[in-house]
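The whole structure should be built from the sequences, with the hints applied where relevant.
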Amino acid sequence: MDTAVTPAPTPAPVTRPAGEAAPAGSPPGGGHPRGRTPTGRARRENLAGYLFMSPWIAGFLLLTAGPMVASLYFAFTDYNLFDAPRWIGLDNFTEMFGDPRWRTSVEVTGWYVVIGTPLKLAAALGVALLLNQSRRGQGFYRAAFYAPSLIGASVSIAIVWRAIFSDGAAVDRGQQLLGMDAGGWIGDPDRIIYALVALTVWQFGAPMVIFLAGLKQVPRELYEAAQVDGASPWRRFWHITLPMISPVLFFNVLLETIHSFQIFGSAYIIGSQGNACGPADGTLVYTCYLYIQGFENSRMGLASAMAWMLLLAVGLVTAVLFWSQRRWVHYEEGAR
Amino acid sequence: MRTQGTVDRRSLLKVAGSSLAALGLTAAGCGTGSGSGDGTVTIRYTWWGSDDRAKRINQSIALFEKKFPKIKVKTDFQPYADFWKKFNTQASGGNAPDVFQNAIGFLRKYDAKNVLLDLREQAEAGNLRLDGFRAGLEKFGEVDGKLLGIPVGSNSMALVVDQAVFTEAGVTPKPGWTWDEYHAALARIQQSQGRAGDAGPYGIMYLYDLYLRQQGKAFFTTSGLGFTEADLTDWWTKAYERVRSGVYADPKKTIQAKPKSAVTAGLAGSEFTWDNFAVRYTAEGKSTYGLAPIPTTDGRKTGQYLGSLMLSASKRTKHPKEVAQFIDFMVHDPEVGRIMGYDRGVPATDAQFQAYVPTDEVGKQIAAYEKQLVESRVLEPITPHPAGADVCEAAFLRLAEEMSLGKRPVADAVKQYFTEAKTALSS
Chain A
1 MDTAVTPAPT
11 PAPVTRPAGE
21 AAPAGSPPGG
31 GHPRGRTPTG
41 RARRENLAGY
51 LFMSPWIAGF
61 LLLTAGPMVA
71 SLYFAFTDYN
81 LFDAPRWIGL
91 DNFTEMFGDP
101 RWRTSVEVTG
111 WYVVIGTPLK
121 LAAALGVALL
131 LNQSRRGQGF
141 YRAAFYAPSL
151 IGASVSIAIV
161 WRAIFSDGAA
171 VDRGQQLLGM
181 DAGGWIGDPD
191 RIIYALVALT
201 VWQFGAPMVI
211 FLAGLKQVPR
221 ELYEAAQVDG
231 ASPWRRFWHI
241 TLPMISPVLF
251 FNVLLETIHS
261 FQIFGSAYII
271 GSQGNACGPA
281 DGTLVYTCYL
291 YIQGFENSRM
301 GLASAMAWML
311 LLAVGLVTAV
321 LFWSQRRWVH
331 YEEGAR
Chain B
1 MRTQGTVDRR
11 SLLKVAGSSL
21 AALGLTAAGC
31 GTGSGSGDGT
41 VTIRYTWWGS
51 DDRAKRINQS
61 IALFEKKFPK
71 IKVKTDFQPY
81 ADFWKKFNTQ
91 ASGGNAPDVF
101 QNAIGFLRKY
111 DAKNVLLDLR
121 EQAEAGNLRL
131 DGFRAGLEKF
141 GEVDGKLLGI
151 PVGSNSMALV
161 VDQAVFTEAG
171 VTPKPGWTWD
181 EYHAALARIQ
191 QSQGRAGDAG
201 PYGIMYLYDL
211 YLRQQGKAFF
221 TTSGLGFTEA
231 DLTDWWTKAY
241 ERVRSGVYAD
251 PKKTIQAKPK
261 SAVTAGLAGS
271 EFTWDNFAVR
281 YTAEGKSTYG
291 LAPIPTTDGR
301 KTGQYLGSLM
311 LSASKRTKHP
321 KEVAQFIDFM
331 VHDPEVGRIM
341 GYDRGVPATD
351 AQFQAYVPTD
361 EVGKQIAAYE
371 KQLVESRVLE
381 PITPHPAGAD
391 VCEAAFLRLA
401 EEMSLGKRPV
411 ADAVKQYFTE
421 AKTALSS
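Taken in sequence, the protein lines are chains A and B. Numbering-wise, the first sequence is residues 1 to 336 according to the working numbering. Numbering-wise, the second sequence is residues 1 to 427 according to the working numbering.
Hints in this document: simulated from the structure, not taken from any laboratory. We put the CB at the ideal spot given by N, CA and C, even for glycine. Misleading hints may appear alongside valid ones.
If you want a taste of the chain B side facing chain A, the calculated C-beta under 10 Å gives, among others [unchecked claim]:
| id | residue |
| --- | --- |
| 1 | K85 |
| 2 | A91 |
| 3 | V115 |
| 4 | D118 |
| 5 | G203 |
| 6 | A257 |
| 7 | R398 |
| 8 | M403 |
| 9 | S404 |
This is the structure we're talking about:
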């Protein structure tokens, strides 16, 4: 109904190449300035530029690059923070792979990524589709759905979450209404992970906003043509919407997957009562175990090795996603 | 234009310079507190514990600063586990607090890492009095002839009971009662009161230590574990049966009740803990709570010893004298004794012990409990706690929980425990 009202072929608002929505394939912006040698003034301007950037450059070198190089070195040492690191070659890595608790942490994280990310993206896309229609109070809804992703990572929300999923609280009572007498999820090592999944899905607002931006870019005439041909809403979604927003979808999949691998705060807060990231390692996500090895057991060498292993794994997943995009991501002509 | 540019660059450099200077200042500010021009010295003091403890300590410090106007005390506190993570990180950076709360399980660990100050020298210089301690407590902080900690109070394991539940079930624990009698009592509570008899003792390292000591063993030797896989298999197998039958509380429920204890949450009739924690139960729950004796194997021996929280100093402190004076004040001053009460156990020195006469029910019970321990001569010398004891304690608690939840068969949990303990004690 609502779409039909719009006057026919007004060209889609802005048709510049998918802008922020396609960071993956877009060419490096700007290009070089003229190829002449810099004059004294230009050089001074460069200097000023670098000076302005210096706090960030210093920050990057001192707080990011430096520690990263150090941790790469520590990964091959036995280092307890107090004594000088002792070179032990690949021992940290062999110990890691032989450690059943490490494998548990990989399983818990894998499970969280595989369940949580698709559910979150599905929720984001679903709500974005609903919000893509012009309705009154749309701005309000958009803000309301976006809000959780602003506050969702906070400690207080994690504590509230813990309370909601405990014995006798909202979720438990809901279950009882449905005739399930299963108790709260927080005490159950097999179900507590779903409390974490629910928390990440609840924060679908950030990808939703990106999806919305993508949906606005889909030319209306495509839908109109399809409608004339009698295509059902489902077919229009499958054959027009999805291919048209696939760069945005790719961007969201990539971002959310990487983000999921790094989960720490909520798992640590929701899972730790007595034992860190429990019960019975039910919330022992990878970074949590890394933290335990580093700061509880003072094994910084092993923790560094774990950190580099995580980086490798995330890098590998990212590479696979990039490789796969040629099969399912469609860039508009000229945008590639 | 040109001049304009120069001016810009100059001010730019100023900005950059001042921000660098600010960075430097911040870095300097992170260093240990030290003296200033007028001879005032600042020392840092950190501890673990509740808000209530912090309130009492801050009151004590106010007294100290009044008496020693040239010494300022900066404080910080966290819950137990967080405290040690923070402490470990600070100590490794050579920035340990000047004075901090300590316990037996950490003495050897941080002595081996060269963190702890030998307070003997300060004691000999007269800045720290070692006389006037009760029950030989001044020896508790000694390791290999070094004086690494000064006790502030004594405590011992006890069974905290919900008195209403025990009375209604018709159960009265007596000194010397056996583990069989204790478990029969728990079963009676379960049948008559419809709640578990105990929160589950299987994960408490310090209780299992007592159980082992009753049989002439101990949790630790000087370099390793003092029990066998068969010992632990037996202890956990029986525990798992009792969790299943409901004599011990359902771990799923007790986990969710936290930070409340299973006893005050009404999930269990009793639980083992340190006697000075009894104060906390009354504040937390609605019933009345009391202390019962540790069950025995032979009707006599409880395996108990007096434990203690201590104050230790950092080897790198720039003010060893002031630190010693502060510790001396905190353990000997009668007014501090009155302020602290039994929060960190029964005060270690006679002066503070006599200064505080408990008027509340819990305080009286704690005093009576420790008096009874001393008089019935059940106390024995403490056994060693090697470096790594703290990691062993955490692993014990965790694997016991996995076992109790049925996530790990007992045999598997025992094997994993021995693997982890070996790593912790060898590093």
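* Evaluation of the interface hint that places G203 of chain B against chain A, nearest CB under 10 Å -> holds, 8 Å
* **Interface hint for V115 of chain B, Cβ within 10 Å of any Cβ on chain A** => With a closest approach of 8 Å, the V115 of chain B hint holds.
* **chain A contact restraint on M403 of chain B - CB to CB distance below 10 Å** => holds, 9 Å
* To do: Would you settle whether the hint for A257 of chain B is holds or violated, based on the nearest Cβ-Cβ distance to chain A being less than 10 Å?
  => holds, 8 Å
* Asked: Once the shortest beta carbon distance from D118 of chain B to chain A is found, is it less than 10 Å?
  -> Cβ of D118 of chain B sits 18 Å from chain A, so the hint is violated.
* Does the nearest C-beta of chain A fall within a distance shorter than 10 Å of the C-beta of R398 of chain B? -> Holds, about 4 Å.
* Return the status of the interface hint for S404 of chain B: holds when the least beta-carbon distance to chain A is below 10 Å, violated otherwise. => holds, 9 Å
* Asked: Can we keep the K85 of chain B interface hint, with Cβ of chain A closer than 10 Å?
  -> holds, 5 Å
* **A91 of chain B as chain A interface residue, shortest Cβ-Cβ below 10 Å** => holds, 7 Å
This entry does not satisfy hint 4, going by the numbered hints stated previously; all others are met.
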